[in-house]
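*Asks:* Go ahead and model the full structure; you've got the sequences and the hints to work with.
Heads up: the sequence lines are chains A and B, in that order. Under the numbering used here, the first sequence has 15 at position 15, and the numbering climbs by one with no breaks. Just add 150 to the spot in the second sequence (first one is 1) and you have the numbering used here.
To be clear, the hints were calculated from the coordinates, so they are not data collected in a lab. Just so you know, even glycine gets a beta-carbon here, dropped at the ideal spot from N, CA and C. Certain hints may be false.
[Claimed, not checked] Examples of chain B residues lying across from chain A (beta carbon under 7 Å, computed): (1) 184; (2) 201; (3) 205; (4) 208; (5) 211; (6) 212; (7) 260; (8) 269.
[Claimed, not checked] One-sided and incomplete, this derived list gives chain A residues near chain B with beta-carbon spacing under 10 Å: (9) 21; (10) 86; (11) 110; (12) 116.
Single-letter residue listing:
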Amino acid sequence: MDERSIGHFEFPILGRAYFLGGRASTSVKKALREAGVDDDTVQRVAVACYEAEMNVVLHARSGYVSVDVYPSRVDVAISDRGPGIADVTKAMTPGWSSASDEARALGFGAGMGLPNIKQQSDLMSLESEPGQGVVLRLTFYRGGGNGAGS
Amino acid sequence: MTLARAIEIVKADTIVAPPNGQVELSGCFAADLMSDVLAFARSGALLITGLTSDQTVRTAMIKHLPAVLIIEGKDVGVEMVEAAREQEIAVFRTPLSKFEACGLLMQAGLRAARRSGAYPA
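*Replies:* Listed below in structure tokens is the structure:
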């Protein structure tokens with residue numbers, strides 16, 4: 001964890017702006033490619049970011065995704081201001097969701113977001129402050145990751 | 151199978167043409183739930199879906215899926231068309247149902263582009 005970051009970018013996420021959902025993640029994907037990160041890692045980061053971004057869009061008021069590229073890993077933090085997650089264990093259960101019908105109409109909200117994020121990433125931590133928001137921290141080891149992106 | 155051949159088989163209209171001409175498909179993945187696409191689709195596949203939103207296009211972009219086939223002759227809105235042009239994803243529309251489109255393509259030799267594994271329990 002003592003490596004120096006060789007690339008840093010941040011993109012904002014607007015809560016409830018359903019039609020913009022996914023924009024931050026497509027920007028993350030492009031930025032990582034331009035930074036020369038390998039395809040499998042880019043893919044895993046992009047998928048996890050997209051699911052996390054949709055969580056922010058569907059549940060929170062606003063948020064942002066922050067990405068740091070290191071020689072051996074990519075660290076991602078997705079923070080939001082919103083209601084937080086009342087029961088993290090429940091939220092991690094595949095198929096459990098508190099999303100609205102609107103979310104489901106967009107092809108999300110089936111309770112697969114957090115399980116999918118866990119599957120794509122190598123390390124995951126979720127801090128939730130009810131009434132304040134959520135901070136999701138993810139680490140992806142470059143090359144030799146878990147292969148979920150291929 | 152080429153994208154052009156797949157499109158011919160399901161009698162689809164072109165909504166947004168592929169930006170790079172001839173595309174060879176790695177296979178096919180069909181789902182309306184974008185989380186399933188994000189979790190399991192393999193890159194290079196044709197995505198068959200009934201979801202006509204820009205989320206479909208962004209999901210295809212994230213997963214390196216070159217083309218989307220909309221089923222049941224559904225209307226494709228201007229937002230989805232614009233997103234597809236921006237992300238360079240081809241979009242087609244077939245009057246067939248998802249089951250029929252999948253069946254015809256599989257019969258013609260197109261295979262599932264799904265990675266192994268399941269959602270973590």
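*Asks:* Now, for every hint given, state plainly whether the structure supports it.
*Replies:* Hint-by-hint comparison with the structure:
| no. | hint | in the structure |
| --- | --- | --- |
| 1 | 184 | holds, 4 Å |
| 2 | 201 | holds, 5 Å |
| 3 | 205 | holds, 5 Å |
| 4 | 208 | holds, 3 Å |
| 5 | 211 | holds, 6 Å |
| 6 | 212 | holds, 5 Å |
| 7 | 260 | violated, 20 Å |
| 8 | 269 | holds, 5 Å |
| 9 | 21 | holds, 6 Å |
| 10 | 86 | violated, 21 Å |
| 11 | 110 | holds, 5 Å |
| 12 | 116 | holds, 5 Å |
When held up to the earlier numbered hints, the structure conflicts with 7, 10 and fits the remainder.
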